[in-house]
Each structure stands twice: as C-alpha cells, then as structure tokens.
Amino acid sequence: MARFRVNAFVQRGAISIVCRVVPFEIRTIDELMLPPVVRELAEEERGLILVTGTTGSGKSTTLAAMIDHINSNFAKHIVTIEDPVEFLHRDKMSIINQREVGEDTASFGRALRRVLRQDPDVILIGEMRDEETVRTALSAAETGHLVLSTIHTVDAAESVNRIIDFFPPNEQRQARSMLAGTLKGVISQRLVPTPDRKGRVACCEILRMTGRVRDMILDPDQTGQLPEVIAEGAYYGMQTFDQALLKHVLEGRVAMEDALRAATHPHDFKLLVASGGKRATSVDHVLGGEGESDHDRQAPARAPGSGEAATVARPRPAGGVQRPVPTVARR
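Here the sequence shown is numbered in the numbering used here, starting from 1 and rising by one per residue.
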C-alpha cells in the first residue's frame, strides 16, 4: 500500500476529493532514470541545490531520491522541513529528522532559524515561499551546509530571477552575490509520458555552477543568456530540456509526438533530431551542406574548352591535406 495526500473541496453542492499517492518505497536516482549529474549534486558537501518545475512535475520524488542517496552512502545528519511530510525516510547510514510545518513547527522560516542550532549536515526545505525562507536558506548554505529546496519555476534562468525577486530592490545586488557564491546547481524538470502510457519520464534541464555562470548571476543583464551556457555545457553535465528529450527519444523512452508537445522550442527540436543531436541552425546544415570537409565537397571539373576554370586535384602529400588547384582551360 501507500500513503495518500488528500485534498477535499466543495463543487456544485457536493464534496470532491483528490487523492495523491505517496508510495512507501523511495525510488533511486537510477530507477528514475535521472542524469548522472544529479548523483554528483547530491554528493556536494555544501551549497544550495534547487529542484524546480510546475506542480506535479516530480520535484518531491527527485528530492526524495537525492536524500535517499545521501542516506545510503554517507554518515550525515539530515533535517527536512516539509509542508506536509510526503516521503518517509528511515535511517540507514545517516540520521534523518523530518519536521512538518503546522505540526512540528509554525513556519519554514522559524524551523530554519532553529535548525542551524541542531548541527545538521544536510537541510531539505520543502518549498521556498517567502523572503525570510530564502534569506535563511542562503545563509545556511554560506555557513557550510548543503541545502536542497524547490521553487515553482519552469527553467534555470527563471529560478535565478525568482530568488532575486524575493528581495527588495535595494538588497538585490547583495542577494545576487549570495546566490552566486552558494548555488551549486538547478534541476528543472518536466514529466513526459512513455509510449505505452503506463508511466512518465523526467526530462531535466541541468544548470551547474561555473565561473561563467557565476558572472551571469552577478550581472542582471546577462542572466537571460543562461540557456545558451546550458546548451554548450555538456562537459560540466549541463543540458537543456530539448537535449534531455532528444536522449529519451533516441533511446525509445519517449515518442516523437510527445516530445514535440513537451519541447521548449518544437521547430528547433525537429532540427535537433534530424541532425542527430548537433546544434543545427538551418535546414541546409541538417541536410549535410555544412557538415562536410573541404575535400569532400570538391567541385567537379568542367570540360576543357568551356572558357571557365576547371578544378583538378593534386595527389595528397604525405601528412598533408588534399586541396583543389584551379587551372584555366585554354581554347
């Protein structure tokens, strides 16, 4: 069986109930088919990690998998502050204390102020809803704790702006400095149905902290360029939504029509699929017009007597590159 998160309300004079299943079993990062970088983020010693997405996008499930990974592999003190407590964790290598807002504490902010005196290594905040919670979370990350939390945004760039917008204008410069100094990564996710409609797959946009990302967070005029950095950051484990979707499509976990509905840029996604994952910018590129080398695209020689230049190729020198040599045809 499982636990259920229940919401009851009145509609058309009758009572309706929505039940959300919360399984007892916590699925692992591998079972959820999350990118390997999620495991690396969970193993950070300190800093802030954000899991973002719309309601029902699997944020709590991803956070539970990350906490379970820490619990299974490291001896740490983990404190969660949730509203309400969803997944129940049992102690493995770590000690876990789960506090519920309204039951064990009055608010996220109050619980956060107290938790810093409880010698935690990892702090999970169910949701960052107000300035006090955000400010305290950033302070906890600055003082050497690993802080994991969620926020309702659709991508990494919006997440950065939302965090900054919690602060009054005269404090936003300092807030950018705090965020740039503590943020380790942002996992923004969407759920896409599998071809058999029996499950859903998490497609994750991943942002990791680098020197370039730090500079963009500090400069509000550059924050909007974060998607470009993510698209080019595969070396650091970064990926866009569309790049994540492409992997699922190529591996048969997501149907093409579902991927197009979920893609951030559907037309660009078609080009991405057609180009085999290369960042094509035009149809000609996809068709191979720009992907060939110079000697592969050698122009055919024209017949002598045409009055135009003919192209003939010299034998390729050892260790060199064959280059076409123009010769003028004589009449």
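Hints in this document: simulated from the structure, not taken from any laboratory.
Some clues are possibly wrong.
Subject to a maximum C-alpha distance of 25 Å in a straight line, what follows is the list of computed BS3-like cross-link-like pairs (lysine-lysine) [claimed, not checked]:
hint: 1; residue 1: Lys76; residue 2: Lys92
hint: 2; residue 1: Lys247; residue 2: Lys198
hint: 3; residue 1: Lys76; residue 2: Lys184
Here are the simulated distance ranges between beta carbons [to be verified]:
hint: 4; residue 1: Arg12; residue 2: Thr264; range: 16 to 26 Å
hint: 5; residue 1: Pro168; residue 2: Ala14; range: 44 to 54 Å
hint: 6; residue 1: Thr54; residue 2: Glu171; range: 25 to 35 Å
hint: 7; residue 1: Arg39; residue 2: His265; range: 39 to 49 Å
By construction, the Cβ of each residue, glycine as well, lies at the ideal position given by its N, Cα and C atoms.
Now the hints, each set against the structure:
1. A C-alpha spacing of about 10 Å is found between Lys76 and Lys92, which places the hinted pair at or below 25 Å, so the restraint holds.
2. Between Lys247 and Lys198, the direct Cα distance comes to roughly 19 Å. Compliance with the 25 Å bound is thereby established for this hinted pair.
3. Proposed proximity of Lys76 and Lys184 is supported: the alpha carbons are some 19 Å apart, at most 25 Å.
4. Look at Arg12 against Thr264: about 38 Å separates their beta carbons, and that is not inside 16 to 26 Å.
5. Between Pro168 and Ala14 the C-beta distance comes to about 45 Å, which sits within the given range of 44 to 54 Å.
6. The given range of 25 to 35 Å is respected by Thr54 and Glu171, whose C-beta atoms sit roughly 28 Å from each other.
7. Here the CB-CB span from Arg39 to His265 is close to 28 Å, at odds with the stated 39 to 49 Å.
Hint check: violations occur at hints 4, 7; the rest are consistent with the structure.
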